[in-house]
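**Q** Protein chains in written order, with this note's numbering: chain A, 66 to 299; chain B, 345 to 667; chain C, 956 to 1320; chain D, 1041 to 1278; chain E, 19 to 306.
There could be a bad hint or two in this list.
Taking beta-carbon pairs under 7 Å as the criterion, some of the chain C residues facing chain E (in silico) [as the list claims (entries may be wrong)]:
1. Asn989
2. Tyr1131
3. Ala1161
4. Gln1172
5. Gln1176
6. Thr1189
DSS-like cross-link-like pairs, simulated, lysine-lysine; straight-line CA separation at most 25 Å [claimed, not checked]:
7. Lys1309/C / Lys1092/C
8. Lys1050/C / Lys1264/C
9. Lys102/E / Lys78/A
10. Lys1215/C / Lys1231/C
11. Lys194/A / Lys254/E
12. Lys241/A / Lys451/B
13. Lys1309/C / Lys1196/C
14. Lys1069/C / Lys1215/C
15. Lys1220/C / Lys1231/C
16. Lys1220/C / Lys1004/C
17. Lys1196/C / Lys1004/C
18. Lys254/E / Lys451/B
Which residues of chain C face chain B? A partial, calculated answer using Cβ under 10 Å [claimed, not checked]:
19. Glu957
20. Leu958
21. Gly1068
22. His1105
23. Ala1106
24. Met1109
25. Tyr1213
26. Val1214
Hints were generated in silico from the structure; no laboratory data involved. A virtual CB, placed ideally from N, CA and C, is assigned to each residue, including glycine.
Here are the chains, one letter per residue:
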Amino acid sequence: MLNIEGLGAGYGKMTILHGLSLSLHPRTATVILGPNGVGKTTLCRTVSGLIRATRGRISFEGRDITGASPAARVRAGIVQVPEGRQVFPDLTVRENLRLGAFVHGMPDQDAFDRIYALFPILLQRQSQKAGLLSGGEQQMLALARALMTRPRVLLLDEPSQGLAPMAVELIGHAIKQVAESGVTVLMVEQNLKLAEMVAQRVAIMEHGACTLEGPANEVLSSDAVQNAYLGKKR
Amino acid sequence: MRPLLDYFVPISLFVIACASSLWINDYFLYVVTIGAIFAVLAVSFDLLLGYTGYLSLAHGALYGVGAYCCGILTAWHGMPFLPAMLFAGLFTGLVGALIALVAFRTKGLYFAVLTLGIGLIGHQLFLIAAPLTGGIGGFIGIPSPNVPAWLPVRQVVYNALLAFALLLVTYLVMRAFVRSRFGAACLAVREDITLAQALGIRVGWPRFAAFALSATFTGMAGALFAALSNFIAPESFTVLGTGFELVALVVVGGLGTLWGPILGAILLTALPEALRVAATLSLLAYGALLLFFIIFYPRGIASILRRLWSRLGAALTGKLGGV
Amino acid sequence: AELIIGELHPITGPASFYGLPESRGVQLAVGEINDAGGIKIGDETYTIKLVTEDTQAKATIAVAGLKKLQAENVKYLIGPLSSGVAPGLMPIIAKSDMTQIIDGSIADGITNGKNIFRNQATVSGYDKAVVELFKAKKYKSVAFMTDRFHAGFMGTQEALSNSLGEMGTTIAQQEYYKLGDTDFSAAMTNVAGKNPEALVIRGYPAEGALITKQARQLGFQGQIVWEMVAPPSTVLKNIPKEQMDGVFNCIPPTVEDYVKLDDEKAKILAEAYKAKFGEQVGELTGLSYDAVYIYKAAFEKAGSIDNAKVNEALAGLMVADVPELVTRYTPQDDGRLFDDVGQVDLQGIVSVWKGEAWEPADLGN
Amino acid sequence: MSILELHNISLRFGGVVALDDVSLNVPAGMTFGLIGPNGAGKTTLVNVISGLIPPNSGSMVFDGRKDGPWPIATSVGYGIVRTFQQTRAFLGLTVRENLRIAAAVSPQPEMIGDLVDACGLAEVMDRTASELPYAALRHLGIALALALRPRLLLLDEPAVGLSGDELERLGHLIRRWMDAGITILLIEHNVRFLMDLSDRVAVLDRGRLLFEGTPEECQSNPDVINTYLGRGGSDVEH
Amino acid sequence: MEYLPQQLMNGLALGSTYAMIALGLSLIFGVLLIPNFAHGEFYMLGAFITYTLTVAGFNFWLAMALTAIAVIAIGFLLDRVAFKPIEMAPPLSLMISALAASIILQQVATLIWGTEARTIPTPLVGVWSAPFFILTYMQLTIIGVLMVACVAIWGLLHHTALGLSIRATAQNRDAAMLMGIEMLRVRFATFAIGALLGAVAGALLGATFPIYPTMGAGPVLKAFVVLVLGGIGSLKGAVLGGLVLGIAEVLVAGYISSEFQDVGAFTLLVCVLLIRPNGLFGRVQMER
Ligand SMILES: Nc1ncnc2c1ncn2[C@@H]1O[C@H](COP(=O)(O)OP(=O)(O)OP(=O)(O)O)[C@@H](O)[C@H]1O
Ligand SMILES: Nc1ncnc2c1ncn2[C@@H]1O[C@H](COP(=O)(O)OP(=O)(O)OP(=O)(O)O)[C@@H](O)[C@H]1O
Ligand SMILES: [Mg+2]
Ligand SMILES: [Mg+2]
C-alpha cells in the first residue's frame, strides 16, 4: 500500500529522520509510538509532502510519490490531520468542512450530515468562525475535515491532543470505523487508551528510524516496549 | 575580557575611520560622511524596527525635524553647532514621543501606515510652514560646525569626524539600551505582545522609550546633515525617499543587529555613487542589484557574516581538533 | 591641451525628461567646438573634455556629484537643472574657486555675479509677460492654480498677485496642486463657481493640460493662461488640440519657437540634435548649448583659463560677444549679457495656441 | 483560607454562554484541578481570571483584594500568572533570549538558573524556540511563567503532547512549586495526571459548575462520569 | 457649503480611482502577505501598454483587454522572480524586494517610453450634466467598472472553489496544502487578479490623467492608506476606504484649501486609526 524506504528528512541542516523504513498494510490501522521529539511529526509531514525528503523514497500503490506536491498526494488519497490546531480560523466551521472536500468538488449535504452525526457539537457551531472554537472543538474539526476528503490513507498526528476522555472515546470509535471501512490509517499517538483501542499494528520509533513493527498485541506485550513506552512504572 | 572587546572593536574602528579621513579625497569623504549619517539613522531606526518590531515611516519627517531645528537655532539664533545638535535631538525626541503616544494604539501594518500618514503630514508641513522652513525653496544659509581651534583639520574633515563620533555614540547608546531590561522587554513586545503582557511587561513603556530614543538620534543625525549641507529642503525628508530608504538600509544590513544596519547604510550610500559610471542606466542597475541581493540574502549582510564567522570558527576548531 | 568642463544634470529619474536634453545640448556644443579645432586661448589651443555627473534631481546626490567633479579637478560647471538642487550647491561653489553657469533653475536669488551665473530666465522674467497680458486684456478678475512643489513659482506667487492687484485685477481664488496630482476637481469646482475672467496655471504642461481639461469640463468659461515651458509635442500628447485653442502662454521662447520663427541657428541646432539623438530637440537644450558658447567667449576674452580672470570676463561679457547664442537675450543697459548678480535678461513673451502650436500673440497694442 | 474567590462570573459570546454564574473558591497553597468536556469554558475562565477578557458580570477576590478581575498587567503584578493552551513562548528567539526576557521581568533573576535545570532546558539554550522539540517548548513556556514567582499559577493543559519521561518531569515540577507554596489552577484532560496532582477538583460543563470536591469523590460522581469521564474511564484505574 | 453636490461627486469619482487601485493591492496582501509596492507598476504598465496599443490603432477597449493579458503575464513573472524565491523570508524582505522590483519596472518603462507625460486618447468624450453636478463619461465608466469589479471579486471569493481556496490559503498555508489546494494555482490566481485590477485601473485612469513611468508611486501609497483605512483583508473596506479618502480629500481641498488636500487626507487617516485601530472594517484579533 504505502511504502517508505530509507527516508531521510529534516529542517535546514538538521536531519531528523535517518533512513526510516516502514510499510503500511492496506486497510489496517498502524500506530506509531515513540518518545517526544524523535520525529514522529516530521515523518507525518514528510509523507504528506509538507517537508521534502532528502533521501529515500515513498511509494503509494507502487507509484513513486517522493517528489509529488502535497496537493497531488491529497488527490491520490493521502490525507493528514496535522498536529496542533490547524483550522482556518476566519472561515466558518462549515466552510472548513467544505474545504475538506475540496478535491472532490462540491460536497452534498449527506457528507456534512455524516460528519455532524459523528460530532454534534460541530453542527451547533457550524456557522461560527473556527478560530473561536475551544481547543478540543478545533481538534475535532480538524479530524472531521480530514474525513471529508474521503481518504485512502489517513495520517493522524496525535488526534487526542486536548480532547476530554469522552471525546477521545468518540474519535477512537470514529477512527476504528474508518479503518474498518477500508482506509489505511497511520496514527501517531501518546494516549495509550486511544492507541490500544485503534491499533492493529504498532511501530516503535527511535532516533529517527523505526526499530520495531508488528501486530499490536505482539509489540505491545514485548518487554522492551512495556518498559520503555507503556510506563510500567506508572 | 568581554567588556574590553565590546568597546575595543567599535572604538578602534572609529579611530581607523577618523585617521583615514585625513587621507581620502573630498568626494569620498563626503560620501563616507553621508554614509555615516545614514548609519546613525539606520541604527536608530533598527532599534524600533529590528528590536521592537514596529515599522515607522515617520522617521523621514523626524529626520527633517532635527534638521530644521538645527537650522533655526544656528542660522537665526547663532547657537553653536554642538548644543544645537543636542537640542535638536531632544526636540525631535519630544516630537517622536508625541507621535508614539498616538501611533502605538495600533500595530503591524496599521502602525506602518499610520506613521506613513504622519510622515507625509510632516513633509507637507515643512512645505506649508514656509516662514519657519523656507517652504519649497528650502532653508538657506545654515552655518557649518565651527572647527575648534585646537584641531588642525579642514572643515570637510571635521564634518566627517563629527559624523563618525555621532555614529559611535549612537551605537554605544543603542547597544546599552538593547542590553538593558528595556531592551529585553522590547524583544518580548516584538515577538509576542500578548505573551509579553501575560508576563507582566507593561508593553507601553519599552516601546515608547524605544521610539523616543530612536527619534532623538534621528534628530541629531538630521541636525548634522543640515549643518554640513548648509542648505536643506523638504525634498530630503520624504516618506518615499528617506522613509523607505531607511527600511532598505536596515533590511539589507540585517534586521535586529546593530552593526548590520551600519554596513547596510554604507553599502547603500556607496552603491549609487559606484553606479555613476552606468550613467542613464544607474537607477536600473541599482534596482537590479538590490533585488538580486535581497533574493539571495533575504536576511541581509549580517546573516552572511554570521555564516562566514561560524564557518571560520568550525574550520579553526576542526583544524585544532585534528592536531 | 585639454580643458575640462563639468556638467551636472538629472540624467536619470523623473526629471530626466528635462535633464537629458540639457546634457545633450552641452554635448552638441562641445562636439562642435572640438570638431572645429578647439578653443584658442592666449597662445594655446584647447580641446574641451566633458565630464557628466547625474543629480537625479536630488540635492545629496548632486552634492556628491559636485564633489566628484571637484576631485577630478573640474573648474567650470554647467548646471544644475532643478530649483531644489541649485541652492544646495551654492554654498559649496561660492566658497570654491570654480565657475558655474546655471542653465536650468528659475528660482530667484541663486546667482552671485562673482562665480555663479545663470543664462536661464527667472520666474520674475516670466511674470513680466503675464503682467503685460493683463495690461492689454484688462481682465477684471483672476484665479491662480500653482504647482506648490515648484520653488520658482511659489517664490513669486505673492509678487505676481500683488502686481496684478495693483492694476486693479481682483484675485478671485488662489489654488495649489502638486506635481503628479491627477485630480483638480475640487479646486476647479471652486474656480468655475467664482468664474473669474482668467485662470493662470503655473507649473508643468502635463498637469497644465489636465487642469485645462477639468476646468472646462466643470464649466469654467474664462480665459486660460499658462505660465510654463510647454512644447507643443508634450501638450498634444495630453490634450486634444481643439481644447487648447486660444490658451495663452507667458514664457521666454524655446528652440522650438525660434524654429517656428525661421531662426537659422535654432534650425541647425534642432536638426543636429535630431540627427545625433533621434529625438526632437528638448525645450531647454538651447540654454545648455548656449552655456558652452558663453564659456568659450569668456575664455577667449580672458585669454586664460584661470578662474578669476574668466569670472571677470563673464561678468563683463557683451551679448554681441557670443554670436553663436540661439536664445535671444535682452542685453543689459550697457550691452552686457549678465547683470551685476550674474543673471541674464530673458523675458517671457505672450504666445497663443493656434492649431497645433504656440504662436506669438497679438495683444493689439 | 482562599486565595482566589470567584463570585457569579458570567460571560457570553454572542449566542454562546461560555461561563454561566460560576462561583469558586481556590484555597491557598493547593493544586486545584479544573476539568470538563471540550468547550465547557475552562480556557475562558482562565482568560477571565488572568484579565485577558473582562466578564459580563461577576466579581473576583484575590488574596484579599476585592474588585477583581483586573487588566492583565495588574493581575500579573498581584501574582496571577498563566500559561496558554496553545503553547506560547517567544518563538523567534533562542531559549537564552527567552530567558533573558524572563530575567528582566523576574523579581528574582538569580533563580533563572535553577529553572533552567528544573525544566531541562540546559541542552537547548542556543536553539531557536520555534525549532524546539515540543516538550521542551512546553517547559520553556512554563519556565517563563515561573520566572515571575507567581502566587497563583494558571496552567492550561500543560501536559498536552507530553508522554513518558516528559510527563513525569512536569509532574515533579508541579509538586515542587506546590511545596514552595504556589497555588496552582490546573486544567488538564489527562485525568490520571490531574487526579494524581490535585487536592481538589472542579468540573465545568457548558459554562456551569457541575461538581466540586476531592479527586476521589469526583471520580465516583455519576454526573461527572456521564458528562466527562465516560464509562470507560479506565484511564483512571489505580 | 457652495457646490456641495458637485464636490461630493468629485470626491466619489476620485475615491473610485483609489478604491480601484487598492482592490488589487488588498487582495495580494491579504492572501500572500506581500506588501506589493510594485502594484503601482502594474497600474503604470497597464496605462502605458494601453497607450501604445491605442496609438498603434487598436480600439481602446480591445487594447485594454490585451493589456490586461500582458500585465497578468508580467505579474506572474514578477512573482516568480521577486517573491516566490523568498516566500519564507520575513515580510520586510518581501517589501524591499517589491521596492526593488518597482524601481526596475519604472526604469524599464523609462527606457521604452521615456519620461515625457502623455495621456491615452479618451474613448469616451463628453460630460453628463445632472441638475446639481457634472460627471464626465470617463468618470462614470470608472465608477461603473469599480462596482462590477467589486461584485465580481466578491462572487469569486465567496462562491467559487477557487475563491474558497484563496481564502483558505490566506489563513493557513500548510492546512490549505493538506486540503489538496495547489499553492501555485492560488498564487498565480491571486497575482493574476491583482495584476488585472491594476492594469484595468491603469488603462482607465491613463485615459483621464497623464501617464509617466513613476506615476504608480503616489497611488500605491494612497492605496496602502485605503487598505488600512478600510481594514486589512476586507474588500468592502478597500472600496469604502477609497471612497471615504476621496471624498475627504475633495472636501478639504474644496472648503479649506487645496494646499491642505494631502494633510487633510492623512489627518483623517490618523483620526480614524485612533478611534478604530483596526480600520473601519477590520476585525480585532482574538488572543487565546
Ligand atoms: N521547524 C523546525 N525547525 C527545526 N527543527 C525542528 C522544527 N520542528 C521540529 N524540529 C526538531 O525536530 C525534532 C523532531 O520533531 P518532531 O516534531 O518530528 O518530533 P515528534 O516525535 O513529533 O515529537 P512530539 O512527540 O513532541 O510531537 C525535534 O527535535 C525538534 O527540535
Ligand atoms: N470569542 C468567542 N466567540 C464565540 N464563542 C467562543 C469564543 N471563545 C470561546 N467560545 C466558545 O465558548 C466555549 C468555551 O470555550 P473554552 O475555550 O473556554 O472551552 P474549554 O473548556 O477550554 O474547552 P477545551 O477543553 O476544548 O479547551 C466554546 O464552545 C467556544 O466555542
Ligand atoms: Mg509531534
Ligand atoms: Mg481550553
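**Q** Report the numbers of all earlier hints that the structure fails to satisfy, in ascending order.
**A** 1, 5, 12, 14, 17, 19, 20, 21, 25 and 26
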